[in-house]
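Visitor: Starting from the two chains in their separate frames, assemble the complex, guided by the hints.
Residue numbers (the working numbering), protein chains in the order written: chain A, 1 to 318; chain B, 1 to 119.
Keep in mind that the hints were calculated from the coordinates and are not lab data.
Hints should not be assumed to be uniformly reliable.
Claimed, not checked - Simulated restraints, written as ranges between beta carbons of each label pair:
#1 LEU4/A to GLY65/B: 27 to 37 Å
#2 ILE117/A to GLU115/B: 36 to 46 Å
#3 GLU115/B to ASP88/A: 38 to 48 Å
#4 LYS85/B to ASN271/A: 35 to 45 Å
#5 GLU40/B to GLU121/A: 36 to 46 Å
#6 GLY65/B to GLU65/A: 27 to 37 Å
#7 LYS124/A to ILE118/B: 25 to 35 Å
#8 LEU102/B to GLU87/A: 49 to 59 Å
#9 ILE127/A to MET117/B: 32 to 42 Å
#10 ASN101/A to SER96/B: 15 to 25 Å
Note that CB positions come from ideal geometry on N, CA and C, so glycine has one too.
Below, each chain spelled out in residue letters.
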Amino acid sequence: MELLNKLQPILKDITFDTRAVFTGIFRGEEPISIYSTLGNKEKTISQLTGLLVRKALISSEDVLESFKPEFLFAEGKDFGIFIYVAEDNIAIATVINEKPNFSLLKMTHENAVKKLIPYIEEIKEFIPEPEEAPLKEVKPEEEKPKETTEEIKEKVAEATEEPSEVSEIEELEKILSEEANEVELEKTEEETVQQTQEKPVKEEKSEKIEEAEEKEEITEEVPLEELLGVSKEESKKDTSVEEVKEIDKLIEEIKKKFIKEIGPVGKILFNKILKSINVEENPTMDKLKELIEQLAQEISVEKRRAEFIRDTKKIIGG
Amino acid sequence: MAYDFEALLNELVKDSGAEGAVLVSPDGLAIASVLPEGIEEDRVAAMGAAILSLGERVASELNKGQLEQLYVKGSEGYVIFTGVKDFAVLGVLAPSSIKLGLLLMEIRKVMKKLEEMIG
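Next up, chain B with everything else stripped away, as it sits in the complex (with noise of 0.2 Å):
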């Protein structure tokens, strides 16, 4: 069965109002991407691998469970990255002027369908 990542990542920029998303593999590589122009994919990826990463240790080393999501707020808007199991990171590109508890819950879903997508 092929995997079309890049539909669910389009409905999800369509139904939340972000900019992009990006589906990153855990070492760091993009498996599928939806991003404005501009943007690079390997650089968001790279980003959102070593971030995780890192948070992850941090987990660790307080013996708790994994990291569910992180996200960075800047002047120009958010990078919320979540994890999918141990398959992938799904990285979200969003204006500041997003609904986040809209955009936060429109991620949930699509986590749902990664998930039962990949089984």
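If we strip away everything but chain A, and leave its shape as in the complex, we get (with noise of 0.2 Å):
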């Protein structure tokens, strides 16, 4: 409480210099200390300006190598936003309510983030450093001991039999839900900034599936085939469909599972991939099974590649 009384004279100089009618300290996309005039309205706000600290300032590293960024100006007719970095992932934010001044911001933001400086190690403690993406971190199977692919099918199996699965992404889906005319790219990005957030994903993961991931143990490449339950014979022998409708449903349906996956880049890995191997102008199940291989092979966590195979597999009743 102490350091939140320390913060809010530093955001209300920046309110009564800017005209602001919300400004906000984060750390990642967490607000640390907020002041704003907006009423009902400063929750959503708060969680969109996390969201955009953390997806530009931080994830745009992800897109351009040692981007380093120092701030972010977005504006419209009359209004304006104004994120500007201190250290370590820790921003302040600020959202104006009019034709918004880029040079005031700009020079109000360097002053608060000098006063800022001070606190910066009690802010550090307040809200330790924001987890990375999942996908980069989780690698428990890497020590396990190893096991055999009978095993891992029979364990992703048991894991598949749990009725009560919640969705993850669904959930999440729920929390940011509040825009109903939202594209399907801006849903998959910001299901991914979600997923990030680790703990609450973990809790929701029904305790049969957290069992059985706890148990995998992968820690030799399993062949793709193998999981699949493909056999080399079997893949060679091209199963015409005569349903290209059926197939195209098929297809959609795997790639909703895979941008779920990977996040909205998965939108453009999978055109890629089905342009690749040609699946729409030959559509077969074989080439199915390879859209899904090429597909799993984009998935670098091997847990998480088993659990899509799993699903896709289901998904074509493969």
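Guide: Listed below in structure tokens is the structure:
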């Protein structure tokens, strides 16, 4: 509380100087202290601004190497957003409800960051370093002892039986779905951001899946064909499918699964892979299996890859 | 009529001193691009669509009009995203040494041309 009392005057100064309707100090997307005149919209704006801080200032480095974000400025005719990075994912974000003055905003935030510097260590203690994307970090399988493919398959199947498995993506969508007219990309983008908050995601998973994940030990490279349950001979057979429309539906479902797993970039990757293996012109079950194999290779974490294969296998009924 | 968006982007890069430019559809797919080696248009496109849509949601919550322009400044330069009506988003990468005023003016010129092209 003491820290918050120290931060409030900094935010009040910004509000006074820039006539902001919302200003807050964030670490990653977590708000630390907020000063706002927005009333009941404060919570939503805080969430959205937090996402913007994370997406634009932290994730921009994923796109442009060594970009080291300093600030973000967004403007419309009668509104503006300014985000200024202090250090270690700590940023001050301000929302203006009138035509923004860029120079004034920049100067005010530079001054505010100077005032913030003495409290940086306290802020770091208050909110620890936000976790990075789970796809990069979660690699517990590598340290565990070896296990046979059969055992892995059994455990994956066991996890599948759980009927009350709550889709983490759907759950996260609910949190973010206050806007009805979101485009699909926007949804998946936000879901990806939310997925990085590992703890809530883990809590939502069923106990059985947790158990399976803990036990799941994949140290050796398991051939995709084995995971898919496709023998090499079988895979050579080209099972023609008459119902092209049916195939299209299956492709669409696989695409959705893949985008949920990978994030918005998945859409682009999916289209590229789909094109490269010519599924649409030659729609067969074997091609679909090949599609799944290729898509699975884009998923770096073995456990998630196995889950993807399991789910998509279910979709094609293979 | 075939749209030569790439020529327009080339012109923008040449006239403004920017490093690259990309035209992105609202769903985050690249329509045309002129980017330096090592920068993936798909990633820039997805980033642009994602952060603009978040900005627009803030605007919508405040019952404000459309978000017109957004720029992120990094130690290595700027990434500037500008909405082209509902049709697309223009993304421009520029070095930190660029004259921002000049660049924004060149972007406005290209925006006009783009709007004329798409009608």
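Visitor: Hint by hint, which ones does the structure fall short of?
Guide: Structure breaks hints 4, 7, 8, 9.
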